[in-house]
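2 protein chains.
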Amino acid sequence: MYSDIEISRAAHKRPITEIAAKLGLDLNDLLPYGHDKAKLTHATVDRLKDKPKGKLILVTSINPTPAGEGKTTTSVGLGDALNRIGKKTVICLREPSLGPNFGMKGGAAGGGYSQVVPMEDINLHFTGDFHAISSAHNLLSAMIDNHIYWGNALRFDTRRVTWRRVVDMNDRALRNINVALGGPANGYPREAGFDISVASEVMAILCLANDLADLQSRLARIIVGYNLDKQPITAADLNADGAMTVLLKDALQPNLVQTIENNPVLIHGGPFANIAHGCNSVIATRTGLALADYVVTEAGFGADLGAEKFFNIKCRKAGLSPDAVVVVATIRALKMNGGVAKSDLGIGNAVALKAGSVNLVRHIQNVQKFGLPVVVAINHFVTDTDEEIAVLNEVCNGLGVKAILCKHWSEGGAGAEELAHAVAKLADTNTAQLQLLYADNIPLLEKIQTVAQEIYGAAQVSIEPEALKQLEQWEKAGFDHFPVCMAKTQYSFSADPTSLGAPTGHTIPVREVRLSAGAGFIIAICGSIMTMPGLPRVPSAEKINLNERGEVQGLS
Amino acid sequence: MYSDIEISRAAHKRPITEIAAKLGLDLNDLLPYGHDKAKLTHATVDRLKDKPKGKLILVTSINPTPAGEGKTTTSVGLGDALNRIGKKTVICLREPSLGPNFGMKGGAAGGGYSQVVPMEDINLHFTGDFHAISSAHNLLSAMIDNHIYWGNALRFDTRRVTWRRVVDMNDRALRNINVALGGPANGYPREAGFDISVASEVMAILCLANDLADLQSRLARIIVGYNLDKQPITAADLNADGAMTVLLKDALQPNLVQTIENNPVLIHGGPFANIAHGCNSVIATRTGLALADYVVTEAGFGADLGAEKFFNIKCRKAGLSPDAVVVVATIRALKMNGGVAKSDLGIGNAVALKAGSVNLVRHIQNVQKFGLPVVVAINHFVTDTDEEIAVLNEVCNGLGVKAILCKHWSEGGAGAEELAHAVAKLADTNTAQLQLLYADNIPLLEKIQTVAQEIYGAAQVSIEPEALKQLEQWEKAGFDHFPVCMAKTQYSFSADPTSLGAPTGHTIPVREVRLSAGAGFIIAICGSIMTMPGLPRVPSAEKINLNERGEVQGLS
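If you read the sequences in order, they're chains A and B.
Going by numbering that gives the first Met the number 0, the first residue of the first sequence is number 0, and it counts up by one from there.
Going by numbering that gives the first Met the number 0, the first residue of the second sequence is number 0, and it counts up by one from there.
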């Protein structure tokens, strides 16, 4: 039994130029980063814009549990399997954040024999995209305090500066800080704070931008705070958007890497799945569709959050339309939804599985509401019993959906060939007909209510009076056409993380709303939301080091 | 008349593999970053360790003035000229900091026709080294507050945490901050602050490390604060050194780029020239010496600071020994030293030049004290008169030193051929015999006094009682063998930036001393020292943007 990092290290990587050649790209299309990573140039991305587009397959999952679902692993396994059965496929994933690697989580580049390599690089600095995002974000932050320092011509209300700073590190001490202390030379003291870089609106913008010009327009529209008349002040008012675009110029180019089976993967962008839409970049997805017949991509968290935002935000804004959806489930996780304790998940329990499968059923039905064909991938564990597998098949068949046992974690693409055949068939039948859940022109509150009722099974939405007033103001200010980006616990259809299964009749409390004017959505915060994680008592940083051969160990 | 960025953009860059081939390196020796930048792999650096070494040439200058000296420009011009006359030469420079580009200064990759390309990349994210340094630094910062949060087993005195945080941005609001505010979930409130990344001890360590193992040992020795018994706590006590090394693994590899005349340049490391030693990395210099017959390198600020620290810190620690020294001067700057106002520098004034040349004389004599042969490069301006040039020649000849008029700024390497011949001749005669200014085993205060008297021409050193006590404690604690890293204004031999020329009889006031236990030196702070710059009223960020062809403009 090898660890992910050991399997990754033993992979027979091919030079990235060979991977690119599989997609008809040559060295001029690439900006290499070492021999195993490359960016596709702006010119190449631009040239591919009008090419015919392949089929788009979204991988999503049931609500996450501590038992694990394996959404990224399944995306990689499916992509490898599609390539194995002769379907030219590109996998499009999100870039992992550097900071959390030093806390608790292992890497985020798949697992077992369904991984993307080089996993150490991908999980650490990679091609520097997140560093560029941090720089662009923090330049804007510095320009705000500098503007105030030099006379505050824009009349910032220093209590209402909403733009914070970012760092790609788990550092709870930076959540709430006072800045500009120490005397007149350092500025006007005020309250401020840091978020982790993936929570930056700049990240969401990078992932939604069509090209450099669109990137700059979106950056210009960022609202950084309010003046003494409570009017918004933007990045454009500070003349910051040009320099921010310069800092993001390279980062906007998608990154090409490979699976351990040497199939092409575009890894680009990684917005927080709660306060942002949690999908990889539009540019990468579009480029993948122009380069291959099939693109396999994933969205953050469970289908209630990730898939809903993939459709209602990313697809809406980018004009994308998926051809098939894979919902990943594990028998272990469904048993947890059926009330089994984590310590007992290794014991066969078809009754609990049946009870817990209501979670999967709700997710399948939700995806079907969007007019899309579904297949279920059962990410296999050795403890799964035949009886349990049969029960799960029966549940899915009742919805007209295939459930397919997949062993890509232990076998690589060969373990997901049946899934690949089923997915390709679904996508090729052209039955998908994406229907967004709400129109642009309905009131913002109604958009929130629609998601809560249609997707979460809630009876109603309760909203704080201040938040409601805020929505009405934004509607008047011309943001009425924005979609809503729901920020809710990923562990439940409700706002209560302990409420598993498929709860109904609950109330979704909207405590606060935020405006991402550059990204182009309204964030509805249902419950508490953490934009800067902390490190655990014994951070994994203490175990991460180089071994005597100069290889990274302890990362996973 | 073209701007630096226009000249840079019009350069006929060759693929970086071709530049590497000139040095006998092939693709396996490189980690490419795009087509015009590459890192030399650890394996290659290691393989070159025992190769015969070329001649080392240091470029330094008179005290900087607003008139400009052109030290980097001269280093590049000299390197191009040496290659032109058939001497295989590598230029070793420091990496510029990203943040200051958005403040006042233009790029830092030479000027005119003596530049290194791609200047936009080099001045911005380059190959991500500084981002890696910031990440490693801030991981340690987060681990400190996290340790305190989870029970503070090491008994940190939270008033005596000396390790700050860093960001590569000019952001005065972060100089003094309070962190961990907002309640128990965010930790224990305390005073903290940010420095600019180049001021990080991690940067100084990266530049002095011999290899990955040495890097980790140095990181482990960093003192981050003191416990309630005033005993030092190190990065090793927090088990942070392994993960920091992982984050710096790629950054420790030197970066290869080219001049606009397609000659090889290693740009690696960029420690602050005041609170650190201000030289490029030891690894890059050694690697350059193994790859070429001549290495041209530079040290920060004037020779009183940069060259002194190059000899007494870098050469001492790395066992390097220069074969010749070039002191760069401009007639304009010497006239400023002679009392001419900036607005009148365009007018010929041999009398003022003669008076101001005492500054140059002192620097030449200082370098000669180290046992090294000197040549003066007069970096030509069109306003220089024949009379002025003659005067300067006479002054230098009086010291047995050649002064050579150089036109590399306007003519490239061709304009510095005479300098190249003179430098090669000096280096080839093997007259250099480096003598360090003080021995390891004299008391720390005596080391400071020696530099102040021998180099600055001071009558004495005054030191605060607290600082003196501190030095004595460090001597007892085993740091007595460390060299001293002087932090003093770069504008004068004295501690008063307005005292130009060659002052004597002054007092050097040491207000504070700091210990860089990982880098391996004691910092003596003479006057105020700024480790986090601010942005000006109209930051250049407001003018930096992409033009319609997607090219960066406004950077210089």
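Just so you know, these hints were derived from the structure itself, not from any lab.
Remember, predicted model here, so these are calculated numbers, not experimental data.
Just so you know, not all the hints are guaranteed correct.
One copy or two, either will do: identical chains are not told apart, so a pair holds if it fits within one copy or between any two.
List time: in silico SDA-like cross-link candidates among lysine to any residue, alpha-carbon distance up to 25 Å [as the list claims (entries may be wrong)]:
id, residue 1, residue 2
1, K248, S539
2, K229, K475
3, K21, H34
4, K86, A466
5, K353, T382
6, K12, H34
7, K248, Q552
8, K21, K50
9, K542, P231
10, K52, Q452
11, K353, E453
12, K50, G399
13, K468, F478
14, K248, G33
15, K21, L436
16, K248, D383
17, K86, E511
18, K542, G224
19, K542, R154
20, K12, L26
21, K12, G33
22, K229, L436
23, K353, L436
24, K86, A476
So, going through the hints one by one against the coordinates:
no.: 1; hint: K248 with S539; in the structure: between (33 Å within a copy, 18 Å between copies)
no.: 2; hint: K229 with K475; in the structure: within (14 Å within a copy, 60 Å between copies)
no.: 3; hint: K21 with H34; in the structure: both (16 Å within a copy, 21 Å between copies)
no.: 4; hint: K86 with A466; in the structure: neither (48 Å within a copy, 72 Å between copies)
no.: 5; hint: K353 with T382; in the structure: within (16 Å within a copy, 89 Å between copies)
no.: 6; hint: K12 with H34; in the structure: both (10 Å within a copy, 21 Å between copies)
no.: 7; hint: K248 with Q552; in the structure: between (32 Å within a copy, 13 Å between copies)
no.: 8; hint: K21 with K50; in the structure: within (17 Å within a copy, 41 Å between copies)
no.: 9; hint: K542 with P231; in the structure: between (46 Å within a copy, 23 Å between copies)
no.: 10; hint: K52 with Q452; in the structure: neither (34 Å within a copy, 74 Å between copies)
no.: 11; hint: K353 with E453; in the structure: within (23 Å within a copy, 86 Å between copies)
no.: 12; hint: K50 with G399; in the structure: neither (34 Å within a copy, 71 Å between copies)
no.: 13; hint: K468 with F478; in the structure: within (14 Å within a copy, 63 Å between copies)
no.: 14; hint: K248 with G33; in the structure: both (19 Å within a copy, 14 Å between copies)
no.: 15; hint: K21 with L436; in the structure: neither (38 Å within a copy, 61 Å between copies)
no.: 16; hint: K248 with D383; in the structure: neither (48 Å within a copy, 42 Å between copies)
no.: 17; hint: K86 with E511; in the structure: neither (46 Å within a copy, 68 Å between copies)
no.: 18; hint: K542 with G224; in the structure: between (41 Å within a copy, 22 Å between copies)
no.: 19; hint: K542 with R154; in the structure: between (49 Å within a copy, 22 Å between copies)
no.: 20; hint: K12 with L26; in the structure: both (18 Å within a copy, 17 Å between copies)
no.: 21; hint: K12 with G33; in the structure: both (12 Å within a copy, 20 Å between copies)
no.: 22; hint: K229 with L436; in the structure: neither (33 Å within a copy, 63 Å between copies)
no.: 23; hint: K353 with L436; in the structure: neither (29 Å within a copy, 82 Å between copies)
no.: 24; hint: K86 with A476; in the structure: neither (48 Å within a copy, 67 Å between copies)
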